[in-house]
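Protein sequence lines, in the order shown, are assigned to chains W and L. First residue of the first sequence: 3, per this note's numbering; consecutive thereafter. First residue of the second sequence: 5, per this note's numbering; consecutive thereafter.
Rather than coming from a laboratory, the hints here were simulated on the basis of the structure. Note that beta-carbon positions come from the ideal geometry of N, C-alpha and C, so glycine has one too. Be aware that one or more of the hints could be misleading.
[Claimed, not checked] Label pairs and their calculated CB-CB ranges: (1) Glu73(L) - Ala84(W): 26 to 34 Å; (2) Gly98(W) - Ser83(L): 22 to 30 Å; (3) Pro63(W) - Ser18(L): 26 to 34 Å; (4) Phe12(W) - Ser89(L): 19 to 27 Å; (5) Pro85(W) - Glu20(L): 28 to 36 Å; (6) Gln74(W) - Gly13(L): 31 to 39 Å; (7) Gly42(W) - Ser18(L): 32 to 40 Å; (8) Gly13(L) - Ala100(W): 25 to 33 Å; (9) Ser83(L) - Lys73(W): 39 to 47 Å.
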Amino acid sequence: NAGVTQTPKFRVLKTGQSMTLLCAQDMNHEYMYWYRQDPGMGLRLIHYSVGEGTTAKGEVPDGYNVSRLKKQNFLLGLESAAPSQTSVYFCASRPGLASADTQYFGPGTRLTVL
Amino acid sequence: GDSVTQMEGPVTLSEEAFLTINCTYTATGYPSLFWYVQYPGEGLQLLLKATKADDKGSNKGFEATYRKETTSFHLEKGSVQVSDSAVYFCALSDHRNYGQNFVFGPGTRLSVLP
């Protein structure tokens, strides 16, 4: 059981380039999330999805787009990367919305934008 | 809105010392409370949780009690080990905020010296 996996683990981009981060989960979870983690700022929610074909904005959505075409996958796209998007990106999934339901995290993607 | 406050650290302890990391929360509902741990280079992992007042969560020698009267969920361990060096995140989940209902604290970095 792989849990939550993220691809790639590391990436370096130049300003203006685009890329897609892939998150996959094999737990049949309905809810999926993308966070970014920056020093001293904890985790900030970028976008989330409450089911296949749905997406919604989180706390810091600008400059990112997402898609959830399949239940097990949640893609995060950067159309035109900026140095301010240098961060570590974490994907998470959750079985339901009951307050006791735990979020399960992937290992993260470290992105550097030059 | 809901929020989580925790001591930011860093906290540096000697092996076998007693650990306390303070966490307080603000929520208008009745949230579940969580502690997550992030080891170097990894994603967040659930350490323990409590779903109602006076519940005690425990795992790997760590404990935290849900104190509604003081809105706190302090993390404790009686004797820390070098392997406990990590960043610890306090979090709450409130079922009322559809979708994006996990709120994380900023994290506390713990370093345990041999």
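Status of each hint after checking the structure:
no.	hint	verdict
1	Glu73(L) - Ala84(W): 26 to 34 Å	46 Å, violated
2	Gly98(W) - Ser83(L): 22 to 30 Å	36 Å, violated
3	Pro63(W) - Ser18(L): 26 to 34 Å	44 Å, violated
4	Phe12(W) - Ser89(L): 19 to 27 Å	23 Å, holds
5	Pro85(W) - Glu20(L): 28 to 36 Å	44 Å, violated
6	Gln74(W) - Gly13(L): 31 to 39 Å	36 Å, holds
7	Gly42(W) - Ser18(L): 32 to 40 Å	26 Å, violated
8	Gly13(L) - Ala100(W): 25 to 33 Å	31 Å, holds
9	Ser83(L) - Lys73(W): 39 to 47 Å	43 Å, holds
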